[in-house]
Structure formats: C-alpha cells, structure tokens
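Chemist: Chain by chain, the residues:
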Amino acid sequence: MLLTRLKAGGPAIAKQGILVAFILFMIVFSLASDRFLSMDNVMSVLRQSAIIGVMALGVTVVVIGGNLDLSVGSMLSFATVLVVDLHDKIGPEMAIPVMVFATLCLGAINGFLIGFLRLNSLIVTLGMLSAIQGLVLIYSGGQNVDIVDQSGTWFRFFGRGAILGIATPIIIFALLALIIHVVMSMTPFGRKVYAVGGNPTASVFSGIPRSRVVFATYLISALCVAVAAIILGSRVMGSQNNVGQGYELQVLAAVILGGTSLLGGSGSIIRTVLGVLMLAFIQNGLILMGQPYYTQWLVTWAVIIIAVWLDVAAKRGRLFSPIA
Amino acid sequence: MTETTTQPALRLQDIVKTFPGVRALDGVSFEVMPGEVHALLGENGAGKSTLMKVLAGMYQPDEGLIFIGGGQVRVANPMEAKAQGIVLIHQELSLAPEMSAAENIYLGELPCKSFGRVDWKALYARSNAILERLRCRFRADALVADLSIANQQMVEIARALTVDARVVIFDEPTASLTDAEKVVLFDIITDLKAQGVGIVYISHRMDEIFTLSDRITVLRDGAYRGTLTTAETDEDAVTRLMIGRSLDLSQRVAAGEVGEVVLEARGLSCAPLYEDVSFQVRAGEVVGFYGLVGAGRTEIAETLFGLRTPNAGTILIDGKEVTIGSPQDAIRLGISLVPENRKEQGLVLGMNCRDNMTLPQVGDLTTGPFVSGGAEVSIFDQYRDRLAIKTPSWRQPVGFLSGGNQQKIVIGKWLSMQPRVLIVDEPTRGIDVGSKSEIHNLIRQLAGQGYAVIVISSEMPEVLHVADRIVAMYHGRVMRSFNAGEVTEDSLVQAISGIGNGKAA
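From first to last, the protein sequence lines are chains A and B. Under the numbering used here, the first residue of the first sequence is numbered 295, with each subsequent residue one higher. Under the numbering used here, the first residue of the second sequence is numbered -19, with each subsequent residue one higher.
It cannot be assumed that every hint is accurate.
[Claimed, not checked] Simulated crosslink set (SDA-like; lysine to any residue; CA at most 25 Å straight-line):
#, chain 1, residue 1, chain 2, residue 2
1, B, 33, A, 498
2, B, 323, A, 556
3, B, 323, B, 440
4, B, 323, A, 498
5, B, 323, A, 495
6, B, 33, A, 325
For the record, the hints were derived by calculation from the structure and aren't laboratory data. None of these values were measured; they are calculated from a predicted model.
Start from the sequences, fold in the hints, and give me the full structure.
Modeler: In structure tokens, the structure reads:
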C-alpha cells in the first residue's frame, strides 16, 4: 500500500525525505543549543524566513509551469527601493499600489518574452536580473533611500507589526501560502499550470492557452515579489540598491529543497514552505552553534545536493545509476 | 525443447521482477540458441521491455538466473552486458546526433594512439568496413544528424557489430523503416544468424515475425505463455496465445445511418505541406485519409484543429464557413483531434488518468472557483466503462498505462467533450494487436453513434477495416477518393505512391 503510493508519486519520497531530514536537523540543533527551540527563536526564524518564503511561493508556481525565474532578487531590490522612496513622496497608500503595478509590469515583460515569444526562461530572467539591477540604479541615482518618519507611519505594520502576538510577516507568508496552495491544487488555473509544465505540447493539443498560462505564472511571481518588498521595506524602513542581491538563489534553493522538479509539472506549495523553513532553521541553528554565518552556505549546498540526489535516486530506484 | 546438443547462447530461467505494486515479470523463462532468431511477442505491458532491460543490465531481477553460453552470470549494468556479448538495439535511437557515424559506432571505445589521442584513420577505416558489411550507402564521417532515421538505425546496428556479439536484441526495429530498408535489415539479421549469433526479435508485426523467426515466445501480463516453433504454427495460434482469444480482423461493426455533411473543406491549402484539398465528412461515417508519411495528412488534421493557418481555401461546419484560429476555436466548433504522437502530444504522462481526461474542460467542471473532483471522477468513470480502460484507479499516472489504454484515455478525453467531428491520427501506432482491434471497433461504433470521424492511417488494413470512404493522398494532394465497397488494394497503392511501392496487407 505504502509502496504503491511511493511508486505512483515519485516526489512523495522526496517529500518524506525532506520531512525526515528536517526533523533530524531540528533534533540535532535543539540538543546543541537550548535556545534553538525557544519560542522567541522560532518566531524570529519564521519572521526572517517570510521574505524568502513569499518569493519562493511565486517561483514555485513558475517552476511547476516548466520555467525558471532568476530575476526575483533584483526585482525585490527594485520593488523595495520604489516603495520606500515613494512612501515619503506620495504616501504609503499610493506608494504600495504604484509599486505593485510597476513590479507586475516587470513580471509581464518576463511573461511576454517567455510565454508568448517562447524564449528560454533561464536566459530571459538572467538578463532581467541584471537589467532590473540597472533600472534600480538609474531610478535611485545610486543613493540609498530611507523613510523619514519611521515610527509614525502605518506602513510599519507589515514588517514590524503583529497580530495576536504573531509577527505580521509570518501571517502574510502563511496566508499567501494558503491562497496559492489552494489556487494551485484546487482551481482550473492550477491544473493548467501543472499540465503546461508537465507537457507543453500536449497542453496545446488539449486546447490550453499555453502562452497565457506561462504569462500568468510570471505575474504571480512578480506579485509575490511585490508582497515581499512591502514586508522588507516596512521592516528596514529604507532600502539599499542591491538589497535583494542573491535572494534568487536562496529562493530557488528552497524550491528545490521542497522537491519541486526543475523539469516542471510537479511540485507543491506546501513542500516549498517546508523547504523555506528548513533552510531558515539550518541557517539559524548554525549561528546559534557559534559557527560563522558563511558556513551556512556550505551546509545549505550540501543539504540541497543530498536532497536532489535522494529525489532522483527515488525515481531511478537506486542510489547510483549509469542511466537516467 | 529443441533437439540440439549445443548450449543456448542465452538462457533466462524463472526471472521475477517486481516494481512497487506491479509484478512486471512473473517467472519468465526464455532461451536463444546460437544462430536462431527467436521472436518475443506480447501485448504492450506484457513485460517484453522489462525482460530486455533485465538482459541488458538496466534492471536487476529479483529472482531467477541468467546463463550466457552455458555459464551463469550476473549482469549488473549495461557495460557488463556488452562485455558478455549481449547487445540491445533500442526502439528509440540513442545516438549523439552532432557526432559522426564513426564516433557513434565506437563511442566509449574509440581507437587510440599515444597520449590518448584518437586514431582517426583507424576509426574511419574500421567504421567504413562495418558500414560496408551492412551495405550502407553513407560514409563513416557523415554526421548522424544528417542521416535519415533508417540510416541512423544502421549506425546503431553497426555499433552492435563492433563487439563480438553473442546475442543481439532488436526491439521493434522496423517501426521507422521503409520496405526497401526492411529488406536490408532482414538480410543483416540473416547474416548474423549465419555467423551463429543468437537473435531476439521483438515486434508487433506478424508478417515480419513469420518471415524471420525460428521460434516464437509469447508473454502475457508478465508471465510466460508458451514457445511455438514458427514453421509449425500460424498467426491465429500466436494471437490466441497473446491475447487469450481469437481475432477476426474482417468482422466490422456496422455503422449507422449516414447523415448530413458536418465538415467540409474546399480547396484547402497550406503550401508547401498540402494544396487544394477538398473533402466532406458526414455524420455517421468514417473517412480514412491514407497515404505515406509526409503526404500532408497530419498537417490537414492540424489545420482543422486550429494549429496551422491555411493560406487558401475554406472550412465549413454544417455548411457555414468558419475560421479556426486556435485549438480553443476548434473545440468550440466541436472538432477534436486525437494526435499522432500519444506521449508527446496526447498526454501529460506524469498526470493521473482522470486529470488527463478532463484537461480540455477542466475550466468548466467547477463549483465556485474550484475544480469539482466529483464531477471529474464521474466523467472518468463513465468513459473508463464505455471504453473499457484498464487502470487500477483514476489516480494512476497515465505514463504507467499500456499504449492501448493510454490511447483510450486520449479518445475518452475528446469524447467527453461531446464533439461532432473526431479526427484520429494513426490511432493504433505502437499498440498491440488486441487493443488495436478494440480501437478499430470503437471507431466504428462512434460513427454509428453519429459522430463524423476522420481516421488518418499509414496502414492499409486499418483504413480498409474502419473507413467508409478513403481519401488517398500523395505529396500533399488528394489523388483519389474511394468508397469502401469498391476499393482494391492495388488501386489504393497506385493512388498513394508515384513509385508503385506498396505493402501487402
């Protein structure tokens, strides 16, 4: 019975594997540091993971649709600089919609090039990664931006506020994860994204407007970046020009760790959340154990390699294989 | 079994291989004598491929023994299989297209000079020698990507001949060959046989098996069903063993009343693929499009389904001119296409059966904003029963089904859309004999229920069996139309070929 289920859903093994690894890490770290599982620490890890997490939700949708999005890092820089800069110029109630619209436009460029012109997503979004970074510098003139009245604005609620004692970023992350999970697993749109990622040709032959579906996945990704930018801008109350640099790789790491196949057509939002949390707790645990912060990169790398290995091994039925 | 004192070149004894939930091979025994052509037959999903993968070292059997030349061996990986003299010629070619034929032939063991430099002279000389032996007309320095599919297959066979092969396994080798190329292939097999090589020949085609083989072993549902000596048996006996019952291809389900013209094309052109094509399809009839590969038939189907834009001519539905700009338009007009290539165009293999079947209409099967799983399951159940689809559950990923059942999922997908016109492109390609006749009968039944059906096929028995009218095409043009009653094989063959190259039914 269990075996049948594993066979039927190759990634199911990866899911269990991640869960097991996650629990193991939690046990090891909690033994090594008594602060690790304290309420304070857990809450702070969750809060810090929200930005990567929110972005990873959107990227998961793109990846399930069979594409990549490497532009989310510099898109986050763009969105954060924009919302923080506009905050003092036109007020937060206008700054947020303007920023969301501008970010969606960037997503629409990705979506148009990849969905309608059918260009390779790796090349397009890698190009966008540097193009948007350039755009940010042109916009800001290289100056970092700050919000002047940091304690008086209601904008502080998104990054620094709390509801019933739970930090707002955690709530935003959880809610957005739930919404996107429902969209992906229960709506016709979600089904179409899985179909397009699983077999784009067969999707076209089934009357699915493939280009529009791919376009929409990039809008979702951009929307998630916009939400992440609100959290980040509100938390920092300012922004450097390159604040999102390197985020794309952490986001992608979380998505891969969650077992979403880069080939498209499979994966899940909930598993990505698991991947995000795992990365966040590993990084936090290493710091609590007194390791310098850069060791987290090595450990993260090793964890991802092992996760990917176990995933493909599960599909192939053995650990070492000369054939795919 | 055979009266000979020589050891079998290869013997498998009681091989068991299970995958989670499936017993793919259940105690299968099989042997090939040196110099024997032993055909392996079975419906899709009978375990032929699994058995071959066990032989080639890609899978490890759970139980059972493998003997090569009398000695027991363990084949841990494909390299070992090759070292033991077992060579598998794949159904799907596994060549590096951007390399020369010679490099592909000796891939992995290029002749070397000092410092690991490739000895190109020796490489080409040896490769050319092998290609000559195979009577190939191309040279060893030809780029594989530039070769025809048939010649690529020759490269694959040449590769097999570089090792001192004891057993060569051919997996559906003629699927993409022309008749002339088949003759060459059969000569090669005869040569190998004369050299004492044991041949395992896997094919769906009865005529080939009866031409070539000495013995026939039949698998069904992963189990051994028997071995027959070819000279002492006939197609009927083999078919019975294979599907557990007898088949009569000549029986044909009568269609119902032929009604009004549903679909009509007038002077439709999509140059240079096809030009000036006109035809009518009525409710309740099956129109067969017969011709060679590349005659433009698939392209016509794609035009009707909104995947290609015609550059002249009109399409009429119920006598009214329509524009079909996208598959969505076609679906709205009641046109459905069961495409030629099931795995690439018809199905999302990783998705389950139900989701594949409801894919075109998933946007309509909703309660509020959500997909109604219940509505989907009821559609799936309805067409599973109607089409007799064999699957343990709707949750099964469609990639795990046999070819025939996969095709039924695609057909079910379109029937559930209640189409008026059903276009079926090569409905039984790569499908075993049992499912084949089931699908033929199904097509007849659908016409009987009032659908206007177009069947595109390269197999003459198929069009003769299912079609009420046959449109013969050659090089993008309609040569002639026939009524099923008055057509002869000769006239059909003449119509579809400028060169008079026909295959006996």
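Chemist: Each of the hints needs a verdict: does it hold here or not?
Modeler: Hint check results:
Restraint check for residue 33(B) and residue 498(A): the C-alpha separation of about 33 Å exceeds 25 Å, so the hint is violated. Our distance criterion of 25 Å between C-alpha atoms is met by residue 323(B) and residue 556(A), whose separation comes to about 20 Å. Our distance criterion of 25 Å between C-alpha atoms is met by residue 323(B) and residue 440(B), whose separation comes to about 24 Å. Restraint check for residue 323(B) and residue 498(A): the C-alpha separation of about 13 Å stays at or below 25 Å, so the hint holds.
Taking the CA atoms of residue 323(B) and residue 495(A), the gap is about 10 Å. The hint holds against a cut of 25 Å. For the hint linking residue 33(B) to residue 325(A), the alpha-carbon distance of about 48 Å lies beyond 25 Å, and the restraint is violated.
Going down the numbered hints, you'll see the structure goes against 1, 6, while the others check out.
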